[in-house]
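Colleague: Read off the chains here:
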Amino acid sequence: MDFQATIDADGRIEPRDAMPDGYRKTLIRQIAQHAHSEIIGMQPEGNWISRAPSLRRKAILMAKVQDEAGHGLYLYAAAETLGVDRADLLDLLHSGKQKYSSIFNYPTLTWADIGAIGWLVDGAAIVNQVPLCRCSYGPYARAMVRVCKEESFHQRQGFEILYTLSKGTEAQKAMAQDALNRWWWPSLMMFGPPDAASTHSEQSMAWGIKRHSNDELRQRFVDMTVPQADVLGLRVPDDGLVYEDGHYRFTEPDFTELYDVVKGNGPCNQQRLSHRVKAHQDGAWVREAAAAYAEKQAARKESAA
Amino acid sequence: MNDLLEYTLRLGDDALIAAQRTGEWIAAAPQLEEDVALGNVALDQLGQARSLLQYAGSLDGRTEDELAYFRDEREFRNLQLCELPTGDFAHAMARLLYFATYQHLLYDELRSSADETLAGVAGKAVKEVAYHVDHATQWVLRLGDGTDESHRRMQAALEALWPYTAEMFASDDVVRRLSVAVDPSTLEEEWTRRVTAVIDESTCERPTSSYQHSGGRSGRHTEHMGFLLAELQHVARSHPGATW
Chain H
0 MDFQATIDAD GRIEPRDAMP DGYRKTLIRQ IAQHAHSEII GMQPEGNWIS
50 RAPSLRRKAI LMAKVQDEAG HGLYLYAAAE TLGVDRADLL DLLHSGKQKY
100 SSIFNYPTLT WADIGAIGWL VDGAAIVNQV PLCRCSYGPY ARAMVRVCKE
150 ESFHQRQGFE ILYTLSKGTE AQKAMAQDAL NRWWWPSLMM FGPPDAASTH
200 SEQSMAWGIK RHSNDELRQR FVDMTVPQAD VLGLRVPDDG LVYEDGHYRF
250 TEPDFTELYD VVKGNGPCNQ QRLSHRVKAH QDGAWVREAA AAYAEKQAAR
300 KESAA
Chain F
0 MNDLLEYTLR LGDDALIAAQ RTGEWIAAAP QLEEDVALGN VALDQLGQAR
50 SLLQYAGSLD GRTEDELAYF RDEREFRNLQ LCELPTGDFA HAMARLLYFA
100 TYQHLLYDEL RSSADETLAG VAGKAVKEVA YHVDHATQWV LRLGDGTDES
150 HRRMQAALEA LWPYTAEMFA SDDVVRRLSV AVDPSTLEEE WTRRVTAVID
200 ESTCERPTSS YQHSGGRSGR HTEHMGFLLA ELQHVARSHP GATW
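Which chain is which? The protein sequence lines are H and F, in order. Going by numbering that gives the first Met the number 0, the residue at position 220 of the first sequence is 219; the numbering climbs one at a time, nothing skipped. Going by numbering that gives the first Met the number 0, the residue at position 22 of the second sequence is 21; the numbering climbs one at a time, nothing skipped.
DSBU-like cross-link-like pairs, simulated, lysine-lysine; straight-line CA separation at most 35 Å:
| hint | chain 1 | residue 1 | chain 2 | residue 2 |
| --- | --- | --- | --- | --- |
| 1 | H | Lys295 | F | Lys126 |
| 2 | F | Lys123 | H | Lys148 |
| 3 | H | Lys96 | H | Lys24 |
| 4 | H | Lys24 | H | Lys148 |
| 5 | H | Lys262 | H | Lys24 |
| 6 | H | Lys148 | H | Lys172 |
| 7 | H | Lys277 | F | Lys126 |
| 8 | H | Lys148 | H | Lys96 |
| 9 | F | Lys126 | H | Lys148 |
| 10 | H | Lys148 | H | Lys166 |
| 11 | F | Lys126 | H | Lys300 |
Which residues of chain H face chain F? A few of them, derived with a C-beta cut under 10 Å, are:
| hint | residue |
| --- | --- |
| 12 | Met41 |
| 13 | Gln42 |
| 14 | Gly45 |
| 15 | Trp47 |
| 16 | Lys57 |
| 17 | Ala62 |
| 18 | Thr163 |
| 19 | Arg275 |
| 20 | Ala283 |
| 21 | Ala290 |
Computed footprint of chain H on chain F, listed as stretches where at least three residues anywhere in the stretch have a Cβ under 8 Å from a Cβ of chain H:
| hint | segment |
| --- | --- |
| 22 | 39 to 53 |
| 23 | 226 to 233 |
No lab work stands behind these hints: they were computed from the structure. Don't be surprised by glycine CBs; every beta carbon is placed ideally from N, CA and C.
Only chain H is shown next, with the shape it has when bound in the complex:
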C-alpha cells in the first residue's frame, strides 16, 4: 500500500516504508524536540532531588526524573528509525538549532513547584500525548503508549504532593497556591499558539501526526484541571473562568510571553541549555574512553581468534 493510502486508511507507517521527505523531516523535528524536552525537563525537577522534604518524596522524585531520562532514550531511538543519529540531534539541541518545550524555561522555586509540575505540566503533556499514541508513524506511536502510562503515574504523584500541602500548615497551603499561580499560564501555553496562528498544524493533521488542534487540546486540559483544583482547595488564577455549556471558558494566555520564551528570553533558557552543554562537555572524555576501550577489546578479540 502506498503512503497516502496507508494514511487514508488510518494505518501505520513503519521505518522501511516509503514516505514523503516532508513527512520524514516533520517527524524528525517533532520527535527530536520531544526527546530534548524530556532531557531538559530533568533539570527543573532534578533541582529538588537533594532537598525533597521526606525520604519517600525523594525516592519518588528520583524515580520520576530517571523515567524522563528513559523517555528521552526511547524517543531518540524512535527518531533514529528515521535515519538520524542521536549524537547529531544532541548537537542541534546544544547549538540552539532545535528547541524543547518552553515550559522548562521556568524555575522551580519551592517544593510545591514539584507538585505543580507533576499535576499541571505532566497533565498537559498527557493531553498532548494521548492522541500521539494513534500517530501515523508506528515507532513514535508505540513510544508514546509507554510514555503516557508513566506520565499519568507522575501526574497523580504531583497531585498528591499538592493535596498533602493543601491539607497542611498555612505556610504549606500558601506554597501550593503560589506554585499554581506561577505555573497555570505557562501550562496553558504548552499547547502552542492559538489555532489561527499555528504554523505547522494543517499539514501535520493531514499526515495523521496531529489529531486535534491546539485550542481543542487546551480546552480539554482546562476542563480536566479546574475541577481538580477545586478538590485541592486552590484557586485557578483566572478571574474570567466560568462554567458554560459543559466547558470552562477561560481567559486566553498572553502569547507574547510564549513567543518571547521560545526566542530565548525566558527566566531559565540560558541556564538550562548551558547546564546541558556542560554535562555533555564534561562527559566527553568518558565517552571517548568508552569508545577507545571498546576498540581495544575488539582488537584483542580479533588477535586472539
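Start from chain H and add chain F according to the hints.
Modeller: Here is chain F on its own, set in the frame of chain H:
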C-alpha cells in the same frame, strides 16, 4: 545508645549519604544511559537507607524522616567516603567500586544474621549492590584502559579516595559485642583481593597511601558534610511538624 541502634544507623547513614551524592549525577551524567543507571543506583541506596532507618527508628521511637532530617552532623554515623564531594566521573566510579564492593561483602554476611530484619534488608540489598559492583567495575576498566586522559583521571580518583577506605573495616566494641552484626574487619582481605583485581585489570596502579582518615562512625565528619546536610535537611527543618 544501644548497640543494635548504633549499628543500624551506621549502615543506614552510609546508604543515605551515598544516595544523596549519587543523586547529584541525575541530569548531569556523561550520557543518557548513565543518567538512568546512576538513577538506579541512587534509588537502590535510598531504598536501603529507608529500610534501615525505619528499623533504627523503631528501636527508639523515631521515624525515618526524623532520623534523616532532624539529627545534627555529629549524630550521623556514615563513613567519610560516602560524604566526599562528587568530583568527576572517575571519582564517582572509584567511590562506587570501593563502597559497593564493601557493601556487597557486608550484606552477603548479614543475610545470615540472627536479626531477621537486618537479614531481610541484606537479602534484598545484596542483589542490588552486586549490580553496583558490576557497573563500577565495567567503568573502572573502560576508564583505566581507555584513553591517556581517562587513565590519568581514573588513577587520580583511585588514589584520592583510597585513604578513606580503611574506615570501612574498623572494628570496635559495638560490632564485637553485637552478635547479630558483621564485624567489618573480617571483610577487608577479600575486599582488597577483589578491588585490586579490578585495578590491576584496568591497567591502573594500586594506590599505596598509608595515611587513612577516620571518624565517621563516631560522628566526626569532613567539612563537606555540613553542606550536604544543609541541603538535605533545609526544607524539612523550615517547617517543623509538617507532613509532606
